[in-house]
Amino acid sequence: MNHQGALADVLRQSIIDGDFAPGARLSEAALAERFEVSRNTLREAFRVLAEQGLIEHIPHRGVSVAAPSIADVIDIYRARRVIECSALRQSEPEHPAVQLMRSALAEAEQHLPNEEWHRVGSANMAFHDAIVSLADSPRLARTYRDVAAELRLVFLEIDDPRALHEPFVRKNRIVLKTLLEDGPHAAADALESYLISSERTVLGAFARMGRG
Numbered sequence: 001m002n003h004q005g006a007l008a009d010v011l012r013q014s015i016i017d018g019d020f021a022p023g024a025r026l027s028e029a030a031l032a033e034r035f036e037v038s039r040n041t042l043r044e045a046f047r048v049l050a051e052q053g054l055i056e057h058i059p060h061r062g063v064s065v066a067a068p069s070i071a072d073v074i075d076i077y078r079a080r081r082v083i084e085c086s087a088l089r090q091s092e093p094e095h096p097a098v099q100l101m102r103s104a105l106a107e108a109e110q111h112l113p114n115e116e117w118h119r120v121g122s123a124n125m126a127f128h129d130a131i132v133s134l135a136d137s138p139r140l141a142r143t144y145r146d147v148a149a150e151l152r153l154v155f156l157e158i159d160d161p162r163a164l165h166e167p168f169v170r171k172n173r174i175v176l177k178t179l180l181e182d183g184p185h186a187a188a189d190a191l192e193s194y195l196i197s198s199e200r201t202v203l204g205a206f207a208r209m210g211r212g
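Heads up, the sequence shown is in our numbering, so the first residue is 1 and it goes up one at a time.
FYI, nobody ran anything at the bench for these hints, they're computed from the structure. Glycine residues also receive a C-beta, built at the ideal position from the N, C-alpha and C atoms. Treat the hints with care, since some could be wrong.
[Stated by the list, open to error] Label-pair ranges, simulated between beta-carbon atoms: (1) G204 x Q99: 30 to 38 angstroms; (2) E56 x R208: 19 to 27 angstroms; (3) E115 x I174: 16 to 24 angstroms.
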């Protein structure tokens, strides 16, 4: 692998999949050997991931996976409300992305009985990606991609995946049903209430963990 962008994408996926825990140190030597790249190529990939908020350079300690703080959680949810609610409020129920919302919801519900929480979480995130796709804006989608990646880091910090992901499936169903039956404005209002509730859940979990 010799392309910095491709390497950054691989590392990014590994981080949001939980292969590297929040706060974990990333060894340049080990990763350069693992991916058969030079340290300069790896450092460029690190630079890209740092811009996305996924890793941080700590003086005298090297590079570590970012460990989101309560302030980060608040800002992530602020960004989510602006991006997702705006996209939904201005959408059309006939937009092709609505089918993506349906498919993501069906996938999440499929994995609920077996309590496959990582898959449920991924499907829930796909549902919200589809909401952003309603805006038909590649730039907005790129921005949300970074926000969603940081959100996955937040979720990795919480040690009760069932309490985290199970309610989201039900609330996603409500948002979709509201969009189809009552229209975009009502759905956006439902989504905003949902995101406020979700933020409180996450902040409560962080408080119990003693995170600042």
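Now for the hints, and whether the structure bears them out:
The supplied range of 30 to 38 angstroms is met by G204 and Q99, whose beta-carbon atoms lie about 34 angstroms from each other. In this structure the hint that E56 and R208 lie 19 to 27 angstroms apart at CB holds, the actual value being about 24 angstroms. For E115 and I174, the hinted distance range of 16 to 24 angstroms is satisfied, since their beta carbons lie about 22 angstroms from each other.
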